[in-house]
Amino acid sequence: MSLATQIMVVDDEEAICEALEAWFIKDGYRVEKAGSGFEALERMAQVYCDVYFVDIKMPGMDGLELLGKLREKQPDADVIMITAHGSIQTAVEAMKLGACDYLCKPFDPDQLSLLMERVLASKALREENQVLKEQLMEKRESLWDGFIAQSEAMHQVFSVIEDVAPTQTPVHITGETGVGKELIAEAIHMQSRHSEGPFIAINCGAMSETLLESELFGHERGAFTGAVKARRGRLEMANKGTLFLDEIGEISPKMQVSLLRVLEEKQFQRLGGSQPITSDFRLLSATHRDLPQLIRENQFRDDFFYRINVITLKVPPLRERLEDVPALADHFLDIYVQETGKRLEGFTQRALGMLMAYAWPGNVRELRNVIERAVVIARGKIIGAEELTFLDSASSDCRLGTLTLHEVEISHISAVLDTSNWNVSRAAKQLGIDRSTLNRKIKRFQIERA
Amino acid sequence: MAVSIIAANLQAVAGLNTNILPSVEPPDNAYVPVRGQFDATVIIKKLAGLEDGAPFKLGIMAQDLCSPILSFVYGESQLGGKAALVSLHRLFDDDPELYYQRAAKISLHEVGHLLGLGHCWENFCIMHFSSNIAALDSLSISFCPACEYEINRRLSSIVADGGLVR
Ligand SMILES: [Zn+2]
Ligand SMILES: [Zn+2]
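Residue numbers (the working numbering), protein chains in the order written: chain A, 4 to 453; chain B, 328 to 493.
Same shape as in the complex, but just chain B (with noise of 0.2 Å):
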């Protein structure tokens, strides 16, 4: 369901084709016994190295992702790069609508950053770093004027088939 909604949402917000592949597994590697999480760094190489046709690819995992650096991330991906990875662990909300508007904001997040965006300063775009939940949730799902145009840039020199791997 969440994965529907956010190719749903990355075709209309971000105006990118989606096509939803059949799961793959993680690599044995990415997951941290100690910490109890996939690490995501690791994850994303191992997506971006998957031969399938796909410019672009967003991985969407239901387990707990972190970075060697920090405690847990909500998405992490390749600035300017192939492949994105997004954990709904953190998301989840009693209310179904909440918890699906936050997963589609963090893929579009995470897919601004494949399209080369880097953070935004406007409050409410959807590039502006959010370090926590209740930051996430103030944003709009939608890119400041700035961040459109850009993306509108970006795509308009890459002719863009995404590709969603879950």
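Isolated chain A (complex conformation) (with noise of 0.2 Å):
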């Protein structure tokens, strides 16, 4: 743990100044006192401090006052609020301020410790995120616009797509639920020549086979109850376009030869209609299920396939590209921390274990729904391996065997510690190492006490 951090406590009452300073000084930290709001101004001035503890309730300068003026000279100060019974509803304000946490005191030491954790843990991170991130920036600006993928196989998929876009050739997108196929649609129309054109995208799967007739074709007025009203279909919206049939593998075989038709004439009318519409748009389809297997069993009609299959891109599944968890993670963190508002920075290592050691059955999809998660319910800075316990319980079954070693060994040390309830010299005696090595992993990995 650094001796160089300095914390400053902002409180007028004396006792619980003291009672700070000394509980910090014990625990190897430097610590300033200021009495009052005015005096903390003064002394940040005089000494740079990374934490400050300030007093909710205080004459003069309140907390919350201090709290804008800290985080308008100090921006990356973490400031934690100290707040008594009853006022936990202006603590609640201060972190919507930019406050990093509140203690309600009196506190238990359990609370404090595992505060100065976090706070610790956080600082530590984010002074290597400033080393990373102009290496960071570099590869992202190689991606496109919303694409976050480190790996080789999603960069392959990204080399076949800037092959493929500027043609017209129809491409067949496959991959299992939620990795994205829709993004990749949409890639592909962004770097077409009709990328001006629109995008009209319509999933097969989820409407009923007549609803899904006339929303492709449109209809004429009259043409069946309830159309009151003629109405284009998507086929004649895609004009100059691209048309994305998500799941194609849903549609029925008289739909498939309606579909056949036109791809061929280029040609089709409007239900209960005579007039011939002319479309011209590219096709894109995707589905996450296995159509070759679906045309053997007759399902799926093999002229169809040959018309909307001339190129096959496979989208790989997250599990075999979980080195773009990480960068997925923190692209989701951001996200939805400018929705919610929330101050959160990253995560510990002992979390980006936890995602990287799940299969994501869900892919993408899921991941982005697990981080919305502990983005609700994190509080501190940092989303640790509390926020992400859920995972933890309800994926044992998913659970990989194709972690890298290094990835392992954190999960394997975290295991030992946690069956032998965190006695060092047991769990170092079963790992087969010494004592000092596994204090040094731990610190170094940031294993954390489950």
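Hints were generated in silico from the structure; no laboratory data involved.
Just to be clear, a hint being listed does not mean it is correct.
As the list claims (entries may be wrong) - Quick partial rundown of chain A residues pointing at chain B, CB under 10 Å, derived from the structure:
| id | residue |
| --- | --- |
| 1 | Leu-23 |
| 2 | Pro-78 |
| 3 | Leu-106 |
| 4 | Asp-113 |
| 5 | Ile-416 |
Where is the CB? At the ideal position from N, CA and C, for every residue including glycine.
With the hints as a guide, bring both chains together as one complex.
Written out as structure tokens, the structure is:
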């Protein structure tokens, strides 16, 4: 633990200042004390502090006002509010204004030491991020907007897209549910000659056959009960653009014939109409199903299949490219941080280890949901293993054999520590290493007690 | 009983000569009625001011202790100072051996602070901070080599004659 961490305690009650100072000094921190907000601002100009503990109720300048000034002068400062019972509402307010946590006095010794661990982990992460930022920027610039991937597997997908996008060739995208097939389709559209035209998507699996038919072809007024107005179909809307048929494996053989004709003749009629309508679009399709298998079972027409499947693009499942997980997790974290206004800066090593040890049956979509949930329940500035415990319990059978040695090490050490109830001597013996080696690993990997 | 076991441990583990003194009453303002506990920092100040020749004083109490910020403390001490305090209140266990072991650990820990030692990051070391009873139980009754070295260094510069106040 860094001896250099400088803490400032701001409280008008001297006993509180002294008690906190005594605790922090024994724990190896350097401490400045201030009896008022004004004094704190004066002291901070002389001594750089990493962490501020600020009492909410103070005469003169109260804690919230000081918080605002601190955040203004030192945006990266960690400010922890100290509150008494009954003013928790104010503490919550302070969190919205950028405080990173609060303590309700008197607090348990556990709370204080856990809080400090969290604050320090987040500080270390921030410093690390600073270094990694430039490298990361370089990497990200080579990706398209909306695409976060560092794996070789995804870069192969990208290079196929770059090759096929400018052509008019139909592309069939396969991959498990949740891998982001629609995003891939959009990316192809954006890089095609029709990028100025419309991108029209329809999920064929989400509606009945009659509804799908009228959605695709449109209808004339009175074509069927309920058709009170004429309506353009998606085929028509996709003119000079891209039509994306998602879950194409779900459409009936009859509809396949109708669509096959449209693709061959580039012409069709609205339901209940007789006027031929011409539409020029590029067809993209996707499915999570095994179409060749459906063909063998006579569920899918092979002539239609060959028409849509000129080029197949297989999007690998997330478990085959776990190296994309950290960047994706960061990306979703950014999204939900903006949405919720919470101040979250990243993940602990242990949390990342858990994310990378999971098989992601629901793929990127599941990861997105998991991050959203973690952001909602997170307290403090960093997402730790606590926020992902539901992942651990829900997924023990989804854990993988495809971890790197490093990840296996972290996960095994954590497991042994947990079963030995964090008796380091016992855990070290079981792991066959000496205690100081184990302690070093715990510190280096930031392994936390579950 | 607890007091003599603590004294024996201070002597055996930390190498401190220890005398057991007659008990004294805590100051009136040490009791915090709303919390039903005694404020350790107030008692320690009183203890440090007692003139009886001992350079270090360790108070042992049966009642529950707290501090202005913490809901409870097992013990409290002045870092590099004169007086420390331990409460047996939360250490009790049906197994007397475990109970006395806890009392000895907390006492050694607080005396370590008196000698100027801060918290240690070695998980088994007696100077490692324990925020709950399970963490306390996982400590060994010994100082890690680094802390032990430090204790000996401090003791050699102070001719120590430890005193105990009950
Ligand atoms: Zn301590
Ligand atoms: Zn130690």
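Results for each hint:
no.	hint	result
1	Leu-23	6 Å, holds
2	Pro-78	27 Å, violated
3	Leu-106	8 Å, holds
4	Asp-113	4 Å, holds
5	Ile-416	13 Å, violated
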